[in-house]
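Student: Construct the complete structure from the given sequences, taking the supplied hints into account.
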Amino acid sequence: MSRLLDVNNLKVNFKTYGGEVKAVRDVSFHVDKGEVVAIVGESGSGKSVTVQTIMGLIPMPPGIIKGGSIKFQGKEILGVSKRELRKVKGSKIGMIFQDPMTSLNPTMIVGKQIAEGIIAHQKLSKKEAKIKAIEMLKLVGIPNAEERYNQYPHEFSGGMRQRAMIAIALACNPELLIADEPTTALDVTIQAQVLELMKDIQKKTDTAIILITHDLGVVAETAQRVIVMYGGMMVESGTVYELFENPRHPYTWGLLNSIPDVDGPEKKKLIPIEGSPPDLFAPPKGCPFAPRCKFAMDICVEEMPGNFEIGEGHLAKCWLNDERAPKVEQVFASEEEKAIAVGSEK
Amino acid sequence: MVEKIEETGKAKTAENLVEIHSLKKYFNIKKDVTVKSVDDITISIRKGETFGLVGESGSGKSTLGKTVVGLQSPTSGEIIYNGQNVLQLDKETQRNVNKEMQMIFQDPHASLNPRMRVGDIVAEGIDAYKLFKGKDRTNRIYELLAQVGLRPEHAKRFPHEFSGGQRQRIGIARALAVEPKFIVADEPISALDVSIQAQVINLMEELKESEGLTYLFIAHDLGMVKHISDRIGVMYLGKMMELSNSDDMFRNPLHPYTQALLSAIPKANPRAVKKERIVLQGDPPSPTAPPSGCRFRTRCPHAMEICALQEPQWKEVEDEHWVACHLY
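Chains as they are written, first to last, in numbering that gives the first Met the number 0: chain A, 0 to 345; chain B, 0 to 327.
The hints are simulated quantities; they were obtained by calculation from the structure and are not laboratory data. Relax, there's no trap hidden among the hints.
Facing chain A, from chain B, some residues (calculated, C-beta under 7 Å):
| no. | residue |
| --- | --- |
| 1 | 56 |
| 2 | 192 |
| 3 | 193 |
| 4 | 194 |
| 5 | 201 |
| 6 | 222 |
| 7 | 223 |
| 8 | 265 |
| 9 | 268 |
Simulated crosslink set (PhoX-like; lysine-lysine; CA at most 20 Å straight-line):
| no. | chain 1 | residue 1 | chain 2 | residue 2 |
| --- | --- | --- | --- | --- |
| 10 | A | 65 | A | 81 |
| 11 | A | 91 | A | 81 |
| 12 | B | 35 | B | 65 |
| 13 | A | 65 | A | 10 |
| 14 | A | 131 | A | 203 |
| 15 | B | 132 | B | 98 |
| 16 | B | 207 | A | 267 |
| 17 | A | 65 | A | 14 |
| 18 | A | 10 | A | 284 |
| 19 | A | 86 | A | 122 |
| 20 | A | 268 | B | 207 |
| 21 | A | 198 | B | 266 |
| 22 | A | 268 | B | 266 |
| 23 | A | 326 | A | 293 |
| 24 | B | 266 | A | 267 |
Backbone N, C-alpha and C define an ideal beta-carbon position, used for all residues, glycine too.
Tutor: Shown next, in the form of structure tokens:
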């Protein structure tokens with residue numbers, strides 16, 4: 000499989016009155032052609048900043064790129080000028096934003112907003128661009144596309160606006176589609192429609208997708224690989240099967256334990272992750288999750304864990320995977336007490 | 000029109016705390032344009048239960064919640080609280096009834112006054128009902144903060160100094176301040192992160208036990224609704240579509256809309272057997288002009304001729320399992 004995107008040791012800070020926020024701290028991952036990679040994490044985990052850096056959307060200042068590299072199809076796109084970025088990335092990366100109401104221009108008809116990108120990148124005439132734009136509207140399942148072309152965003156429903164956004168992002172046949180919480184603002188039945196559409200398009204066009212979400216259900220259904228972020232870092236990454244069946248980071252356990260099991264016959268108690276996310280003005284010296292971790296050892300506070308390789312492509316940034324660490328089983332609700340007993344042997 | 004509806008989910012074992020009879024709440028948004036947000040709904044909520052109310056945006060679930068606690072007055076219908084018809088009470092008694100009904104709001108950023116200190120926010124109910132003064136008031140604030148897992152020193156701070164989950168705790172403490180019996184929680188967790196959602200849900204469950212509360216839990220996250228609710232009602236465009244206990248609802252959903260809603264939940268299991276998902280076509284129709292007959296028929300995969308002509312009756316198809324659909 001050919002490598003499409005390669006992010007290495009990316010570090011992004013933001014200058015604020017309160018000091019410098021370390022939003023992304025040393026993030027490395029890659030995306031291959033045609034695959035769906037999900038990034039999961041809570042607000043403030045750095046997932047959106049990571050993809051916005053890839054898109055060149057971080058305003059500087061206050062943003063500061065502290066280091067790292069982002070290679071798209073082998074060419075560096077981090078720190079290059081806007082003009083050069085356009086040349087390399089150009090129409091090859093498309094992005095869908097979370098809130099379709101604020102990311103569409105309310106004073107411009109939807110069709111023109113789709114045609115805009117087509118004209119800029121594909122050297123088509125206005126007339127040809129209009130035909131292509133109507134085609135895109137049909138592709139994303141908007142009925143009466145000809146009529147809808149001339150309508151304004153406020154005449155569209157939430158789900159349709161998100162479809163229009165997808166049409167804009169796909170209009171130039173991108174090789175990579177970045178979707179930042181594309182269904183969070185939508186109702187469940189509409190979310191199902193949009194997810195089906197994205198899967199469908201991914202199959203048809205072999206576009207790679209980076210999907211940012213906090214819904215583990217969405218991850219399990221759409222992604223091949225998953226990256227879990229916490230406190231600006233990647234704490235675990237691996238295939239979707241590895242991550243759901245053999246998670247090796249307590250934060251991932253916490254996430255899995257805090258969602259209710261819809262199919263389960265019996266009601267299990269939710270195990271929340273106590274405490275709140277770390278302060279990124281002064282991130283802890285050791286593991287960012289240590290203050291909330293039930294299994295934290297002395298070393299966790301003192302020293303940042305490295306990436307332990309669990310299996311092929313499965314990395315976990317947690318000291319528990321060191322051979323000297325006590326054996327801790329992944330805990331699910333009923334086993335909670337047992338596991339804590341094991342964990343306390345440290 | 001449905002004929003005079005029999006009381007829904009009649010209490011067979013438990014006493015009803017809140018009964019809602021043919022409740023209607025209409026909004027006139029323009030001349031001749033009326034939105035029937037809540038259209039003839041009859042439900043009863045039993046003492047000590049958690050009643051989950053689900054539906055998509057625009058289904059009227061929040062309006063129903065707000066109307067029940069008295070934040071809005073209904074267009075018509077009755078709300079019976081503890082045997083008293085709330086709308087016909089004199090001001091004084093109504094005020095006391097309102098004290099027993101509190102609300103937790105969705106957005107913890109918008110529902111707390113940014114210029115008030117947390118202690119005063121929590122004490123709003125105490126002050127309004129003149130329950131405590133001076134030292135007792137302060138102690139009561141500390142007690143309430145402790146109940147929701149916050150510390151006494153938090154009373155002096157302002158809302159912006161707290162995270163989303165903590166703010167929701169403040170909102171819960173405010174609701175608890177007047178010792179309510181019945182709490183309407185309007186999407187209390189949808190603005191929170193996953194790991195924080197579980198904290199708030201667990202807190203709500205603990206408080207329900209310790210304070211003997213009854214909840215009307217409004218949400219669109221069906222997983223959480225199933226987790227917390229004893230019974231669930233499904234709303235669509237102002238109408239109740241189905242009502243049953245939560246296990247039955249998930250095991251054997253009767254209404255095609257409920258079936259579609261349940262099949263739309265993404266499962267957090269990559270190996271889950273991919274059942275054929277029922278993907279509903281189109282968007283919900285505008286609430287200003289709901290379809291004739293059954294309101295769901297325009298998106299229903301099983302729609303028949305009769306669905307356009309006649310509104311389905313609200314029937315008890317199985318024991319304690321109510322549905323409004325011509326299929327049954």
